[in-house]
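Visitor: What follows is the residue order along each chain.
2 protein chains.
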Amino acid sequence: MGHDFAYPPVDFETHPDRYKHWRLSIDGDIATLEMAVDEQAPLWPGQYELKLNSYDLGVDIELADIVQRLRFEHPEVRVVVLTGGLDAKIFCAGANIRMLGMAPHAFKVNFCKFTNETRASIEDATRHSGQVWVAALNGTASGGGYELALACEEIWLIDDGNAAVSLPEVPLLGVLPGTGGLTRLTDKRQVRRDIADVFCTKAEGFRARDAKRYGFVDHTWPRSRWEEGCAARARELAAAARAAHPERTGPGVALPPLSRTDHDDGWSYPHVDVRFHHDLDDRAVTITIRGPTDDPRRDATTWSLQAFRELDDALLRLRVNHLGVGLVLLRTEGDPDAVLAHEAQVLQGAETDWFWREVQLFQARTLRRVDNTAKTFFALIEPGNCFVGTLFELCLAADRSYMFLDDDLANSIRLTDANQGVFPMASGISRIEARYPGDPDAVEAVIEVDGPIDAEQAEELGLVTAALDDIDWEDEVRIAIEERVSLSPDALTGMEQNLRFGGAETCETKIYGRLSAWQNWIFQRPNAVGERGALTMFGHPERPVFDFNRT
Amino acid sequence: MGHDFAYPPVDFETHPDRYKHWRLSIDGDIATLEMAVDEQAPLWPGQYELKLNSYDLGVDIELADIVQRLRFEHPEVRVVVLTGGLDAKIFCAGANIRMLGMAPHAFKVNFCKFTNETRASIEDATRHSGQVWVAALNGTASGGGYELALACEEIWLIDDGNAAVSLPEVPLLGVLPGTGGLTRLTDKRQVRRDIADVFCTKAEGFRARDAKRYGFVDHTWPRSRWEEGCAARARELAAAARAAHPERTGPGVALPPLSRTDHDDGWSYPHVDVRFHHDLDDRAVTITIRGPTDDPRRDATTWSLQAFRELDDALLRLRVNHLGVGLVLLRTEGDPDAVLAHEAQVLQGAETDWFWREVQLFQARTLRRVDNTAKTFFALIEPGNCFVGTLFELCLAADRSYMFLDDDLANSIRLTDANQGVFPMASGISRIEARYPGDPDAVEAVIEVDGPIDAEQAEELGLVTAALDDIDWEDEVRIAIEERVSLSPDALTGMEQNLRFGGAETCETKIYGRLSAWQNWIFQRPNAVGERGALTMFGHPERPVFDFNRT
Numbered sequence: 001m002g003h004d005f006a007y008p009p010v011d012f013e014t015h016p017d018r019y020k021h022w023r024l025s026i027d028g029d030i031a032t033l034e035m036a037v038d039e040q041a042p043l044w045p046g047q048y049e050l051k052l053n054s055y056d057l058g059v060d061i062e063l064a065d066i067v068q069r070l071r072f073e074h075p076e077v078r079v080v081v082l083t084g085g086l087d088a089k090i091f092c093a094g095a096n097i098r099m100l101g102m103a104p105h106a107f108k109v110n111f112c113k114f115t116n117e118t119r120a121s122i123e124d125a126t127r128h129s130g131q132v133w134v135a136a137l138n139g140t141a142s143g144g145g146y147e148l149a150l151a152c153e154e155i156w157l158i159d160d161g162n163a164a165v166s167l168p169e170v171p172l173l174g175v176l177p178g179t180g181g182l183t184r185l186t187d188k189r190q191v192r193r194d195i196a197d198v199f200c201t202k203a204e205g206f207r208a209r210d211a212k213r214y215g216f217v218d219h220t221w222p223r224s225r226w227e228e229g230c231a232a233r234a235r236e237l238a239a240a241a242r243a244a245h246p247e248r249t250g251p252g253v254a255l256p257p258l259s260r261t262d263h264d265d266g267w268s269y270p271h272v273d274v275r276f277h278h279d280l281d282d283r284a285v286t287i288t289i290r291g292p293t294d295d296p297r298r299d300a301t302t303w304s305l306q307a308f309r310e311l312d313d314a315l316l317r318l319r320v321n322h323l324g325v326g327l328v329l330l331r332t333e334g335d336p337d338a339v340l341a342h343e344a345q346v347l348q349g350a351e352t353d354w355f356w357r358e359v360q361l362f363q364a365r366t367l368r369r370v371d372n373t374a375k376t377f378f379a380l381i382e383p384g385n386c387f388v389g390t391l392f393e394l395c396l397a398a399d400r401s402y403m404f405l406d407d408d409l410a411n412s413i414r415l416t417d418a419n420q421g422v423f424p425m426a427s428g429i430s431r432i433e434a435r436y437p438g439d440p441d442a443v444e445a446v447i448e449v450d451g452p453i454d455a456e457q458a459e460e461l462g463l464v465t466a467a468l469d470d471i472d473w474e475d476e477v478r479i480a481i482e483e484r485v486s487l488s489p490d491a492l493t494g495m496e497q498n499l500r501f502g503g504a505e506t507c508e509t510k511i512y513g514r515l516s517a518w519q520n521w522i523f524q525r526p527n528a529v530g531e532r533g534a535l536t537m538f539g540h541p542e543r544p545v546f547d548f549n550r551t
Numbered sequence: 001m002g003h004d005f006a007y008p009p010v011d012f013e014t015h016p017d018r019y020k021h022w023r024l025s026i027d028g029d030i031a032t033l034e035m036a037v038d039e040q041a042p043l044w045p046g047q048y049e050l051k052l053n054s055y056d057l058g059v060d061i062e063l064a065d066i067v068q069r070l071r072f073e074h075p076e077v078r079v080v081v082l083t084g085g086l087d088a089k090i091f092c093a094g095a096n097i098r099m100l101g102m103a104p105h106a107f108k109v110n111f112c113k114f115t116n117e118t119r120a121s122i123e124d125a126t127r128h129s130g131q132v133w134v135a136a137l138n139g140t141a142s143g144g145g146y147e148l149a150l151a152c153e154e155i156w157l158i159d160d161g162n163a164a165v166s167l168p169e170v171p172l173l174g175v176l177p178g179t180g181g182l183t184r185l186t187d188k189r190q191v192r193r194d195i196a197d198v199f200c201t202k203a204e205g206f207r208a209r210d211a212k213r214y215g216f217v218d219h220t221w222p223r224s225r226w227e228e229g230c231a232a233r234a235r236e237l238a239a240a241a242r243a244a245h246p247e248r249t250g251p252g253v254a255l256p257p258l259s260r261t262d263h264d265d266g267w268s269y270p271h272v273d274v275r276f277h278h279d280l281d282d283r284a285v286t287i288t289i290r291g292p293t294d295d296p297r298r299d300a301t302t303w304s305l306q307a308f309r310e311l312d313d314a315l316l317r318l319r320v321n322h323l324g325v326g327l328v329l330l331r332t333e334g335d336p337d338a339v340l341a342h343e344a345q346v347l348q349g350a351e352t353d354w355f356w357r358e359v360q361l362f363q364a365r366t367l368r369r370v371d372n373t374a375k376t377f378f379a380l381i382e383p384g385n386c387f388v389g390t391l392f393e394l395c396l397a398a399d400r401s402y403m404f405l406d407d408d409l410a411n412s413i414r415l416t417d418a419n420q421g422v423f424p425m426a427s428g429i430s431r432i433e434a435r436y437p438g439d440p441d442a443v444e445a446v447i448e449v450d451g452p453i454d455a456e457q458a459e460e461l462g463l464v465t466a467a468l469d470d471i472d473w474e475d476e477v478r479i480a481i482e483e484r485v486s487l488s489p490d491a492l493t494g495m496e497q498n499l500r501f502g503g504a505e506t507c508e509t510k511i512y513g514r515l516s517a518w519q520n521w522i523f524q525r526p527n528a529v530g531e532r533g534a535l536t537m538f539g540h541p542e543r544p545v546f547d548f549n550r551t
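So the protein lines, in turn, are chains A and B.
Residues 1 to 551 (the numbering used here) make up the first sequence, in order.
Residues 1 to 551 (the numbering used here) make up the second sequence, in order.
These aren't lab readings, by the way, just hints derived from the structure by calculation.
One should not assume that every hint holds.
According to the in silico footprint, chain A covers these stretches of chain B (three or more CB under 8 angstroms from chain A) [as the list claims (entries may be wrong)]:
| no. | region |
| --- | --- |
| 1 | 62–76 |
| 2 | 168–174 |
| 3 | 198–207 |
| 4 | 299–312 |
C-beta: ideal position from N, C-alpha, C; glycine also.
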């Protein structure tokens, strides 16, 4: 099963000049994105071929980049029509099975998480940026291909007697559709669950008539009217989006490459530093975010965007390239007032200017990336910190926070408007609301505090886990860190996922908090990955052999 | 690891005369239940000892029986004080680790599910029957011991400088607290998640002062005032429960043993028949429920209670003793009008008479047991069926339903008041609401139909998955069955759990739909059950050895 395949480090940055798998064209306010995966350009060269528009992490990194750049660089685009770019009668065959078969367990799980986040970013662009994604399925969309369509606002399927939508993972591979298909069928498209059951166990899926009848797609047209039908509907949607978001007009703002410097202890960006703890066998890492040192400016180098892009990149690299890291210590350094000045520009600008709104939405997604990372986060709040407003969300996202209690109570944190719903969790509620479940009075008490909050008061209000004076700080923090990195990483991942997503539920929390757990389990079972498991045997002439005991 | 330990079949019926592990005494309207587990009486004789009031499935079967009998046989009881009956300074040490270490994976999962259902039944008795369960922790409650307390309405902890509450699973065993502890801490007791994080990684837990401060317990008293404090608080709660449920007065109704006959093809009760499909390698079973043939009567032999007790027993035996069964075909036979007459007695009686109310609540729990069973359910609706009202809930609980379409449209189903919220799912909504997510008009349309619904109309309304005429019935049902039993049982379990619990979430759905998935996964990981895993190494002098890669 190649569980030990040592995959090369993954780079999450890319640029349109380097895309291998997608063709983007823009005509007025409608963009057309053709998926045309290069078979011969898999993430791991020579290991597998990306046949039938199947995808791997490399294909999805490009897609995530496209979603992102469309929002910043092409604000005039109102509708993104996602369609198949192969000659074959296939839109997309889903995740590449050979890749899944050879990938280590942890890679499979991280791959699913990243692709889920990319799908969520498509929905985020549709909902918040007035860039409405639609899937124009000019051929069969199976598995992850149909799940990609499910992330779109509308799904159109060509009615040619051949093209179908399907989720064949259960019958063909013995695993679940891992990119939110089950959840979006029932909770987003509101398909009846017995119909969903039939669909998810029927390898060939539904063609246009049944797919339309049961709500698996929104529109179908025969081949003769396909181009015309798609174009007309796209124009309708574009007109509606234009009316809803008149503020989104060009020119766009280009996203320059990040500047990253590797060094012996980790790597650094201009605003973010990642440092491994060699004394803890590299099982812990400190991420330090430096506050702004200049004024806000309306381009991609402004601190609010660049620092969060750096943090986002650091999180992704830690997840995929540094599996052994179980604990992330979050620190900040800098002038709290400078953070507040930049934050004020983002929040006020967001009311009228699409660019600042996009910056705010990007910060929100990066914070959700923290929530979804299968590593422990401890925030360390020390003198010189700038955990205020937007950056204090990192403390609220952390599993624990330790605050240094100095004699003169100068060490402080501060809440702002940024902590009152501007950066919702995947559950839809703010991190402050999630912190005090069912206790609106506590939320109110915290929000009412104006100005800096010292360590004593922060502990009293429940804003930090513990305030520790100089007698206790070093020992207690050291013990907490050493204990954390000694515990079972599996149990911690399970525990953190359960504790992080309290309260109400949404599609996103169900996907990350529930679906992924069932998939993690199934991914380990011999019925999927054993010598005769369905995932192992896929493409072989022999049938898989199951242990039929149910649990 | 003994993954192949072939455990003997489990019998889920018991009786107070045979209790080995619990002492129940009733004084007026207050019952005291002492947990006093017999070390030498484990479920698997000679395999392990039940030290320190640790429990196994046998202990929990007795507890479930007690919860049940108190509701039916002792309606005068208002408060149940659950306390420790050992001399040692321990209330309960949780699930027995030796048993968990040797139990096959499927048994562990089923064990957790049953104990979760028992905890949910304690909350159900508190909420709906005015029998308020409280935990009087006269010694340390760790792991499953504290989770048992969390199922109670209040938790009292003796303040003797020694007794503590704790969830040491993560630090000591490398697994999660599997009986809802994480979920009830955050969502029921609304403990802050960073405090829960500290607690769940601190093996020794919190003693009275910190436990009270952070909301892990409700009341504490020193040893000198313990008895008095508990007694006074119990009297207060009893007075409140008496005022809230004045209708609950004696005498109780005794629950006689079930009558079960084994035969070559399965087993039978008076109203329920379980028959294995030998031609499908016993991977499918048909459960046939026979409708009533006599009038309702106010005792435990009345059809509404007895048939559901038989169904409940059949489900439990299938889950634990027949792991290889992946598909349950649900059938009914009998006079629909007789079912309706019995149902009318239950629903009308429940408004004023605690007995009929208990019958209705028991039916609701049995239906939720179907929702929680890791086997596929197909309802087969054939001429002669009595899938009306209460019994139609079984069709709604099923993953699919097939209805025979006869020429004269005589084959029918029928909805009643029983389908409109009387039998809520764990999510709190009715199965009809769950069937049409986000579509109240569809719910309305279905409810408005008065009288029998034939197969054509049932399909059109979306009440059944498919209506099949005599040309198609045999082949299509056979193919559906054969396909189902050929698919990966793990993938099906994961898929069904995702599809069954759409819409809103509660503690219960989070426990069955999410927590159990993370636990299933962790239960399979080498870090828990491998040669040097934490669960394997527990009690050995050597430390567990972890693979620290995070997923």
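Visitor: Mind listing which of the numbered hints don't hold for this structure, in increasing order?
Guide: 1, 4
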